[in-house]
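**Student:** Can you make the complete structure from the sequences, with help from the hints?
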Amino acid sequence: MLRYVSRRILEMFLALLGTSMLVFVMIHMIPGDPALLLTGLEAGPEVVEQMRRELGLDQPLYKQYWRFLVGALHGDFGTSIRMGVPVLEEILERLPYTLAIAVGGTILATLFGVTTGVIAAVYHNRFWDGLVMVIALLAASTPSYWLGLMLMLLFSLWLGWLPSIGIRTPMHYVLPIVTLAGQSAGIISRMTRSAMLDVLGQDYVRAARARGERERVVVVRHALKNALIPVLSIVGLRFGNLLAGTVLVESVFAIPGVGRLLVDAVLWRDYPMIQGTMLFVAAVFVVVNTATDLLYGVVDPRIRVGNPIG
Amino acid sequence: MKSEALRRFRRNKVAVASALVIIAFIVAAAFAPLLAPYGPLEQDLANNYAGPSLEHPLGTDDLGRDTLSRLFYGSRVSLGIAFTSVVIGVFVGAVLGLIAAYFGGIVDSVIMRVMDVMLALPGILLGIAIVVVLGNGVINTVIAVAIFSVPTFARLVRGSALAVLQLDYVMASRSIGASGLRIVLGHVVPNSLTPLIVQSTLQLGVAILIASGLSFLGLGVQPPNPEWGAMLSKGRELVRSTPVAAFAPGMAITILVLSFSLVGDGLRDALDPKLKHR
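For the protein sequence lines, the chains are A and B, in the order given. At position 88 of the first sequence (counting the first as 1) the number is 88 in the numbering used here, and the numbers step up by one without a gap. At position 34 of the second sequence (counting the first as 1) the number is 34 in the numbering used here, and the numbers step up by one without a gap.
Hints were generated in silico from the structure; no laboratory data involved. Among these hints, one or two may not hold up.
[To be verified] Calculated from the model, a selection of chain B residues having no Cβ within reach of chain A, i.e. all distances over 10 Å:
no., residue
1, Lys13
2, Tyr49
3, Leu121
4, Pro190
5, Leu271
[Stated by the list, open to error] With the C-beta cut set under 8 Å, the calculated list includes, among others, these residues of chain B facing chain A:
no., residue
6, Asn48
7, Val107
8, Ser109
9, Met112
10, Arg113
11, Ala120
12, Val132
13, Leu209
14, Leu219
15, Val239
16, Phe247
17, Val257
18, Leu258
Owing to the predicted nature of the structure, the values given are computational and were not obtained by experimental measurement. Positions of the beta carbon are idealized from the N, C-alpha and C atoms, including for glycine.
**Tutor:** Structure follows, in structure tokens:
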């Protein structure tokens with residue numbers, strides 16, 4: 001177990017290092033001179049040179065990367081060009097909105113996906129199975145930003161039940177969370193169904209039925225408990241995807257979260273902010289994936305001894 | 001063998017229907033100038049914000065441009081981006097995967113670790129990262145979606161190549177002195193084709209979602225180009241006045257993405273019947 005945990009954690013740090021390099025290289029591949037951008041075109045060459053020194057752009061690339069990495073590890077992601085505030089401060093201020101939507105979306109998608117997936121598996125090849133699979137596939141194919149617009153049209157503009165844009169009251173969270181959950185609910189539903197079908201065909205389920213246990217007990221205690229293991233890993237992956245998906249949903253509902261911050265930073269060419277938000281979201285994604293893997297190892301002992309289930 | 005697969009595919013009614021939907025979209029794209037009642041940029045300011053009518057079956061936008069016509073022309077852009085980027089992604093990914101599998105060792109490690117880092121980022125984030133470097137526009141959107149697709153195919157091809165390289169007849173052909181290129185092109189590539197075809201079809205749907213997502217954010221294809229994501233971005237402003245302008249492009253995306261995944265599933269069942277009905 002210890003070997004498994006330490007290997008996964010080592011892999012996580014390698015992935016984080018790789019991501020930081022990717023983001024760093026990306027920002028440095030952008031054509032144009034940040035020093036010139038900051039000082040403006042009227043500035044004399046010595047002013048630009050001064051700015052370049054201040055930003056450390058006269059240093060060799062590996063030294064610049066080292067400075068960036070050390071800064072990031074100390075929570076220093078630089079200062080936003082557009083807003084003049086520290087990047088991390090701005091991210092942390094907007095994070096609660098994004099986190100609330102992403103966590104809410106993950107919970108909703110899991111509840112909905114697992115329930116419908118189990119129903120589909122229990123009624124395999126019958127009407128309910130077909131209906132659930134059609135809806136799940138439809139949900140998985142619908143772009144979230146369009147689903148958001150349509151929900152807004154129906155529930156806020158036509159029915160007037162829910163507020164449309166902004167994020168002032170708890171009711172404002174309903175539509176963004178449902179929008180964000182849609183695609184993942186479809187994916188989790190399909191995963192749960194196939195995991196349940198696998199398990200329901202196992203001998204121990206037949207044995208449980210042969211012992212005369214009630215169908216509800218067979219499905220919930222014997223089948224679902226085991227089927228949840230592969231589903232769990234998908235849920236972990238989906239959380240990272242939903243976190244990134246807030247980029248789109250926050251744009252639809254005009255929510256001032258981290259996703260909107262990233263898009264605005266790109267549109268305004270605010271490079272420190274792009275770098276900071278990207279690194280932040282990617283780091284959360286990597287850490288959550290590792291946590292899921294570790295949890296997976298705790299739940300299923302076969303994994304930590306290095307025997308992949310077929 | 002191939003006709004056997006085709007016969008199995010034809011028995012799958014849902015997959016066939018989806019294939020027909022995709023063909024209909026391709027026809028709409030190819031013959032857009034003949035089918036569309038108006039030009040994609042043709043403005044009729046006297047008839048703006050119009051709802052559905054006989055002249056404008058899907059209404060008009062704020063500049064009086066016909067939504068249906070823009071959808072027709074937009075299918076050229078969306079399908080064009082999807083097909084081009086997936087073809088590039090398959091090619092580059094397959095070459096990288098084959099190199100990694102054939103040479104192994106340090107080459108394999110370097111290539112696959114880079115792919116891992118790319119796969120470690122959620123799709124839309126990687127797309128945004130690439131667009132940040134390249135800038136927006138149609139060509140750059142194609143490149144961004146292509147780069148996004150590369151790791152998936154590199155992993156897939158490497159996996160099946162590694163499996164094939166260990167088969168007895170490949171060993172045999174190597175022992176009688178077949179060159180590396182001959183083994184790769186003669187044995188590895190044909191044996192990797194089935195999963196590659198299935199994954200490419202599924203990836204076409206993903207490509208459409210990513211490309212239109214980028215355009216919706218204003219980072220991909222730019223207006224007035226009638227790309228569906230860009231149209232939806234406009235539709236967001238029109239959702240109060242002309243709901244159909246926000247409805248139509250998203251419906252087109254959903255139907256097309258759904259069709260690609262149903263055809264992909266159908267192809268998998270037809271080409272590899274062992275996987276079905278486990």
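**Student:** For each hint, tell me whether it holds in the structure or not.
**Tutor:** Hint by hint, here is what the structure shows:
1. Lys13: B:Lys13 is indeed farther than 10 Å from all Cβ atoms of chain A, at 13 Å.
2. Tyr49: Check passes; 15 Å lies beyond 10 Å.
3. Leu121: 5 Å, violated
4. Pro190: The assertion about B:Pro190 holds, with a minimum of 26 Å to chain A.
5. Leu271: 19 Å, holds
6. Asn48: 19 Å, violated
7. Val107: 17 Å, violated
8. Ser109: 12 Å, violated
9. Met112: Interface hint status for B:Met112: violated (12 Å vs cutoff 8 Å).
10. Arg113: With a closest approach of 7 Å, the B:Arg113 hint holds.
11. Ala120: 5 Å, holds
12. Val132: With Cβ-Cβ at 6 Å, under 8 Å, it holds.
13. Leu209: 6 Å, holds
14. Leu219: 6 Å, holds
15. Val239: Nearest chain A Cβ about 6 Å off; hint holds.
16. Phe247: 7 Å, holds
17. Val257: Hint on B:Val257: holds, closest Cβ of chain A at ~4 Å, below 8 Å.
18. Leu258: At 4 Å from the nearest chain A Cβ, B:Leu258 passes the 8 Å test, so the hint holds.
Violated hints, listed in ascending order, are 3, 6, 7, 8, 9; each of the other numbered hints is respected by the structure.
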